[in-house]
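Asks: Quick note, the sequences are listed as chains W and F, same order. When the letters of the first sequence are read in order and numbered with this note's numbering, they come out as residues 1 to 455. When the letters of the second sequence are read in order and numbered with this note's numbering, they come out as residues 456 to 804.
Watch out, some of these pointers could steer you wrong.
Residues of chain F clear of chain W, computed beta-carbon distances all greater than 10 Å [unchecked claim]:
{"id": "1", "residue": "A505"}
{"id": "2", "residue": "L557"}
{"id": "3", "residue": "S562"}
{"id": "4", "residue": "V615"}
{"id": "5", "residue": "R630"}
{"id": "6", "residue": "Q719"}
{"id": "7", "residue": "A771"}
{"id": "8", "residue": "Q777"}
{"id": "9", "residue": "E783"}
{"id": "10", "residue": "G788"}
{"id": "11", "residue": "G797"}
Output of the computed footprint for chain F on chain W, the stretches with three or more beta carbons under 8 Å from beta carbons of chain F [unchecked claim]:
{"id": "12", "segment": "96-108"}
{"id": "13", "segment": "229-242"}
Derived lysine to aspartate or glutamate pairs resembling DMTMM-like cross-links, with alpha carbons at most 20 Å apart [stated by the list, open to error]:
{"id": "14", "chain 1": "W", "residue 1": "K429", "chain 2": "F", "residue 2": "E658"}
{"id": "15", "chain 1": "F", "residue 1": "K789", "chain 2": "W", "residue 2": "D16"}
{"id": "16", "chain 1": "F", "residue 1": "K789", "chain 2": "W", "residue 2": "D376"}
{"id": "17", "chain 1": "F", "residue 1": "K789", "chain 2": "F", "residue 2": "E712"}
{"id": "18", "chain 1": "W", "residue 1": "K396", "chain 2": "W", "residue 2": "E370"}
{"id": "19", "chain 1": "W", "residue 1": "K8", "chain 2": "F", "residue 2": "E726"}
{"id": "20", "chain 1": "W", "residue 1": "K429", "chain 2": "F", "residue 2": "E490"}
{"id": "21", "chain 1": "F", "residue 1": "K604", "chain 2": "W", "residue 2": "D171"}
{"id": "22", "chain 1": "W", "residue 1": "K357", "chain 2": "W", "residue 2": "E331"}
{"id": "23", "chain 1": "F", "residue 1": "K789", "chain 2": "F", "residue 2": "D731"}
{"id": "24", "chain 1": "F", "residue 1": "K598", "chain 2": "F", "residue 2": "D523"}
{"id": "25", "chain 1": "W", "residue 1": "K429", "chain 2": "F", "residue 2": "E726"}
{"id": "26", "chain 1": "W", "residue 1": "K355", "chain 2": "W", "residue 2": "D376"}
{"id": "27", "chain 1": "F", "residue 1": "K575", "chain 2": "F", "residue 2": "E490"}
{"id": "28", "chain 1": "W", "residue 1": "K8", "chain 2": "F", "residue 2": "E722"}
{"id": "29", "chain 1": "W", "residue 1": "K429", "chain 2": "F", "residue 2": "E774"}
{"id": "30", "chain 1": "W", "residue 1": "K162", "chain 2": "F", "residue 2": "E783"}
{"id": "31", "chain 1": "W", "residue 1": "K337", "chain 2": "W", "residue 2": "D362"}
{"id": "32", "chain 1": "W", "residue 1": "K160", "chain 2": "F", "residue 2": "E722"}
{"id": "33", "chain 1": "W", "residue 1": "K337", "chain 2": "W", "residue 2": "E240"}
{"id": "34", "chain 1": "W", "residue 1": "K61", "chain 2": "W", "residue 2": "D376"}
{"id": "35", "chain 1": "W", "residue 1": "K396", "chain 2": "W", "residue 2": "D430"}
{"id": "36", "chain 1": "W", "residue 1": "K378", "chain 2": "W", "residue 2": "D16"}
{"id": "37", "chain 1": "W", "residue 1": "K324", "chain 2": "W", "residue 2": "D128"}
{"id": "38", "chain 1": "W", "residue 1": "K8", "chain 2": "F", "residue 2": "E658"}
{"id": "39", "chain 1": "W", "residue 1": "K162", "chain 2": "F", "residue 2": "D775"}
{"id": "40", "chain 1": "W", "residue 1": "K429", "chain 2": "F", "residue 2": "D775"}
Hint data in this document are derived by calculation from the structure and do not stem from the laboratory. All C-beta atoms, glycine included, are put in the ideal place defined by N, C-alpha and C.
Here is what each chain is made of, one letter per residue.
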Amino acid sequence: MCLAIPVKVVELRDGDQAMVDVGGVRKEISLALVDGIAVGDYVILHVGFAIQKLDAEEAEKTLALFAELDESMGGEVQPERRYHIMEFCGGHTHAISRYGLSDLLPDNIRLIHGPGCPVCVLPIGRIDNAIDLALNKGVILASYGDCLRVPASGGLSLLKAKAGVGNLRADVRMVYSSADALKLAQDNPGREVVFFAIGFETTTPPTAVVIQQAERLGLTNFTVFCNHVLTPSAIANILESPEVRLHGTVPLDAFIGPAHVSTVIGSQPYEHFAEEYEKPVVIAGFEPLDVMQAILMLVRQLNEGRAEVENEFSRAVTREGNVKAQNLVAEVFELRKSFEWRGLNEVPYSALRIKAKYAAFDAERRYGIEYKSVADNKACECGAILRGLKRPQDCKIFGTVCTPENPMGSCMVSSEGACAAHYTYGRYKDASDPSPQPSPRESGERGTTKNAVGT
Amino acid sequence: MSNVRKGYIRPVDFKHGRVDMTHGSGGRAMAQLIEELFLAAFDNEWLRAANDNACFAVPNGRMVMATDSHVVSPLFFPGGDIGCLSVHGTVNDVAMSGARPLYLSASFILEEGFPLADLKRIVDSMAQAAREAGVPIVTGDTKVVEQGKGDGVFITTTGVGVVPEGVNISGDRARPGDAILVSGTLGDHGVAIMAQRESLGFETSIRSDTAALHGLVAAMVAAVPDIHALRDPTRGGLATTLNEIARQSGVGMMLREEAIPVRQEVEAACEFLGLDPLYVANEGKLICLCAAEHADELLAVMRAHPLGAEAAIIGAVHEDPQHFVQMETGFGGKRIVDWLTGEQLPRIC
């Protein structure tokens with residue numbers, strides 16, 4: 001869900017900055033979210049910020065675990081039973097597709113791609129808001145590269161708004177880090193800069209840092225359009241859906257827990273799912289071996305009838321997570337009563353907004369942004385796919401009307417989306433795997449169910 | 456040009472001067488710029504003739520022609536600049552037919568206000584690239600657009616060449632069983648350019664691989680005249696180029712990830728940005744498809760050439776009515792290597 005990589009700290013610099021190295025490539029990053037870092041340490045880097053320190057001892061233990069992987073996977077999987085495992089996080093979806101991991105698993109393990117891709121779950125109405133800001137309010141809109149192609153209403157996207165609509169042209173700038181957005185505001189004192197903030201718990205702390213920095217600097221031309229969302233609420237929403245909880249029509253046996261989100265929130269929040277819903281959770285890193293190891297750990301739990309939270313990614317995830325980052329987020333943000341997720345509809349207490357204390361940096365307040373929900377294409381099956389009800393290839397517009405070039409639904413938007421991943425990496429399998437095509441009538445009905453589930 | 460009487464006009468100020476509208480007006484200022492800059496740098500008999508065209512004899516055989524517009528930001532980057540790039544790009548497009556490139560034309564669109572010092576640097580770099588390639592720039596054009604209507608300088612080059620007898624290289628000739636070769640590491644150019652973009656703030660020693668490949672092609676064609684297809688994987692990278700050939704030839708391909716050469720630094724920079732090196736541009740690499748029995752011989756010839764030292768056989772062609780390019784991943788699974796979607800943008804997720 002969040003692109004983050006381990007990097008080595010090679011030099012500490014003033015103002016919580018550090019120089020890091022990956023395979024000979026160097027970049028200056030911020031250490032504002034981590035304490036006690038020394039030269040030679042490895043940290044996990046996300047949008048220009050170190051979000052957690054890597055534990056070298058734990059990394060070696062994990063390596064030792066990998067050694068036994070080959071032999072034991074086949075032995076553990078019981079041929080007569082089926083295993084339905086959801087990887088919540090888009091990063092895992094991407095790794096599974098990118099390395100062709102499902103080819104390496106026994107046929108009775110089915111992986112269900114969850115909604116953990118921040119771009120995919122961003123509802124159309126919020127992108128419409130961002131486009132409106134950039135087109136009609138004359139601001140510089142700073143956005144992560146991911147958001148630029150996401151389709152909004154009327155065939156628009158930020159990229160198209162940048163190219164121009166009628167006589168209007170949106171000033172949209174792509175940034176690598178929230179810190180770059182802040183710098184834009186400093187460099188353009190005569191312009192108002194709005195940072196289009198999206199992402200899960202990994203990406204939220206860097207946004208909190210720049211809001212506080214903007215306050216310290218006394219900037220009056222910098223605001224944040226906050227769209228940060230929360231992982232546990234989305235997992236709860238899926239587990240609470242009638243298909244999973246009441247009817248059991250969607251078998252969902254276990255979860256692979258997100259990697260980088262968990263470095264920030266820790267493993268503790270998942271304990272509730274293990275207890276309340278009796279679903280095992282294993283938090284896994286993004287290397288292909290991490291994913292395979294996590295699947296093996298889940299298979300073992302299911303075989304033994306356990307439902308616990310286990311941590312495969314112990315080299316970066318602790319039970320408590322990154323407390324400094326959590327405190328920062330709590331200082332700047334508060335819960336929203338409800339937030340619309342693309343594909344899941346309104347999910348209660350699933351997102352954050354900027355506290356009144358930092359109102360001066362809140363774009364929603366400054367520009368009086370009003371949210372209007374916009375429905376997906378009627379034939380779109382994203383809701384059903386995100387819940388494991390259907391597979392991408394079961395959707396009748398998959399690969400025809402809906403492609404990565406011209407996405408209709410959220411799952412086709414980012415390479416982490418279930419549909420885009422299958423389209424980009426896996427669709428060659430469909431020719432040899434004829435699956436029943438749902439009739440238009442049937443999919444229409446499913447679409448209605450989707451709405452009922454959300455309320 | 457000969458009617459411009461030297462000594463009566465102040466020489467062009469290549470230190471502090473800037474391009475202005477008169478440099479494209481057709482008048483004296485333009486003639487002076489052409490003489491003192493372009494003619495001086497590209498110097499050859501055709502330009503000295505001072506016609507609006509170049510007249511030359513053509514060897515027997517089939518002729519090849521290719522054109523390429525160059526817009527790159529930044530204009531100067533580690534390993535090259537827009538000048539040498541504009542020579543290499545077109546020389547390579549001509550060479551990918553197996554041809555010997557003979558002549559180039561160059562057309563400049565300059566933006567008002569562009570520093571003449573930068574322009575001189577670019578033109579000198581072009582001249583050097585053309586000299587090294589042995590392909591003279593024999594005709595050209597200069598236009599100036601108002602400030603804000605260009606991006607410093609755009610350069611369009613066109614090249615012509617002649618294909619040796621018995622050589623028939625084309626993107627529709629890939630056949631099941633063919634081997635797929637690549638001449639070296641992938642993604643160097645695109646990453647070198649991206650690292651220079653101010654917002655990303657990287658420090659790397661990665662340099663653009665920009666180079667003229669006709670020498671390498673000549674050696675390959677001499678060893679194996681029956682090469683089926685050649686192409687330089689520029690925009691869209693290896694993935695997009697192979698998909699083009701797969702579609703043109705109506706075949707499928709299977710690559711081996713482990714065999715594809717990518718520099719560690721390029722891999723690392725791509726990881727930073729969430730990009731895939733297979734989709735990143737190259738300016739000095741080629742992809743070659745040939746019958747399997749010729750693959751080892753070609754590989755040896757490529758590796759013996761300085762621009763092919765890291766050449767590798769990366770996969771094979773097979774029958775596939777859907778024309779998928781697939782890859783066995785380093786981990787043992789399989790996946791599609793699809794066309795590039797949209798533009799490669801740095802991502803957070």
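Asks: Between K604(F) and D171(W), is the straight-line Cα distance small enough, at 20 Å or below?
Replies: This hinted pair holds, its Cα atoms lying about 17 Å apart.
Asks: Regarding the assertion that A505(F) does not contact chain W, is the least Cβ-Cβ distance greater than 10 Å?
Replies: For A505(F), whose nearest Cβ neighbour in chain W is about 42 Å away, the distance exceeds 10 Å, so it holds.
Asks: Next pair to validate is K575(F) with E490(F); report whether the Cα-Cα distance is within 20 Å.
Replies: It holds: about 12 Å lies between the C-alpha atoms, which stays within 20 Å.
Asks: Would you mind confirming whether the straight-line C-alpha gap from K789(F) to D16(W) stays at or under 20 Å?
Replies: At roughly 43 Å apart (the allowed maximum being 20 Å), D16(W) and K789(F) break the hint.
Asks: Taken at face value, is the distance from the CA of D523(F) to the CA of K598(F) at most 20 Å?
Replies: The given pair, whose Cα atoms are some 17 Å apart, holds under the 20 Å limit.
Asks: Beyond 10 Å from every chain W Cβ: check whether that's true for E783(F).
Replies: Per Cβ check, E783(F) is inside 10 Å of chain W; nearest 8 Å; violated.
Asks: Establish whether the coverage given for the segment 229-242 of chain W by chain F is satisfied; the threshold is a Cβ-Cβ distance below 8 Å, and no fewer than three residues must meet it.
Replies: violated (count 0)
Asks: Sort out whether D430(W) lies within 20 Å of K396(W), counting only the CA atoms.
Replies: holds (13 Å)
Asks: Checking one constraint from the list: CA of K324(W) to CA of D128(W), max 20 Å. Satisfied?
Replies: Violated, at about 34 Å.
Asks: Would you check the hint for K789(F) and E712(F), treating anything up to 20 Å between C-alpha atoms as holding?
Replies: holds (10 Å)
Asks: Between K162(W) and E783(F), does the CA-CA distance stay at or below 20 Å?
Replies: Measuring from Cα to Cα gives roughly 38 Å; hence the hint is violated.
Asks: Holds or violated: K396(W) with E370(W), Cα cutoff 20 Å?
Replies: violated (34 Å)
Hint compliance for this structure: hints 6, 8, 9, 10, 11, 13, 14, 15, 16, 18, 20, 25, 26, 30, 32, 34, 36, 37, 39 are not met, and every other hint is.
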